[in-house]
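**Q** All chains, full assembly: derive it from the sequences and hints.
Under this note's numbering, think of the first position of the sequence shown as 187, with each following residue one higher.
Honestly, the hints are just simulated from the structure, not real lab data. Keep in mind it's a predicted model, so treat the numbers as computed, not measured. Be careful, since some hints might not be right.
[To be verified] Ranges between beta-carbon positions, derived for each pair:
hint: 1; residue 1: 303; residue 2: 216; range: 22 to 28 Å
hint: 2; residue 1: 257; residue 2: 288; range: 38 to 44 Å
hint: 3; residue 1: 320; residue 2: 218; range: 18 to 24 Å
hint: 4; residue 1: 253; residue 2: 219; range: 14 to 20 Å
hint: 5; residue 1: 262; residue 2: 214; range: 37 to 43 Å
hint: 6; residue 1: 257; residue 2: 317; range: 44 to 50 Å
hint: 7; residue 1: 194; residue 2: 340; range: 16 to 22 Å
hint: 8; residue 1: 216; residue 2: 305; range: 20 to 26 Å
For glycine and all other residues, C-beta sits at the position ideal for the given N, C-alpha and C.
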Amino acid sequence: MFDPTIYDNIKVVLEGAVYDLDLDGKILITRREDLVDLSSMSRTYAIEFARKIDKPSKAEINLHVHLSDLAAEILENPTAKPGCTLTIKLFTKVNNPEVECKHIEEQLSLIWEHRPLISQLLSYKYGIHPIAYHNQITLSFGRKIDESHLDDFPHLIGYAADSLAWLDERGG
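**A** Here is the structure:
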């Protein structure tokens with residue numbers, strides 16, 4: 187038996203918090219992944235959810251840990267500060283990126299209280315007209331997290347749900 191790592195502990199709490207909202211009927215979990223990348227010896231956990239099955243926007247919470255952080259923790263390196271990275275991805279559609287993306291960034295910045303770095307990646311399927319762009323919005327927090335951040339998860343998931351609500355109401 188081994189002691190769970192920071193990643194293991196965070197993953198369990200994060201998954202539980204998301205499933206609690208699913209059980210309350212506030213969101214619907216649509217996909218989850220728990221991956222070990224054998225080439226880099228890293229681990230990634232992702233859980234995707236929507237407000238309802240008929241709503242177009244989705245959110246994904248992504249937890250990742252690199253080998254260097256796992257090794258530092260397991261080997262109890264006193265000079266290292268091991269942790270995980272957490273990102274939130276929101277998926278929606280836009281028709282007029284020049285107008286809508288700026289508005290999306292402004293509104294999400296308000297919902298998230300100007301904390302995460304917001305980036306948007308647009309794509310579309312060639313040959314489909316009129317063009318509806320797929321917008322992958324990534325919220326990055328710019329720091330590692332550890333067990334000291336566990337109390338933030340209900341707020342983080344709540345902000346993600348609020349973001350989905352706004353995206354769905356704007357017609358995304």
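**Q** Confirm or reject each hint.
**A** Against the structure, the hints:
At about 25 Å, the CB distance of residue 303 to residue 216 agrees with the hint of 22 to 28 Å. The hinted window of 38 to 44 Å between residue 257 and residue 288 holds, with their beta carbons roughly 42 Å apart. Taken as a hint, the range 18 to 24 Å holds for the pair residue 320 and residue 218, whose Cβ atoms sit roughly 21 Å apart. Taking 14 to 20 Å as the suggested C-beta distance range, the pair residue 253 and residue 219 conforms, at roughly 19 Å.
With their beta carbons about 41 Å apart, residue 262 and residue 214 fall inside the hinted range of 37 to 43 Å. A hinted range of 44 to 50 Å for the beta carbons of residue 257 and residue 317 is consistent with their spacing of about 46 Å. Between residue 194 and residue 340 the Cβ separation comes to about 20 Å, which falls inside the hinted range of 16 to 22 Å. At roughly 23 Å, the beta-carbon separation of residue 216 and residue 305 lies within the given 20 to 26 Å, and the hint holds.
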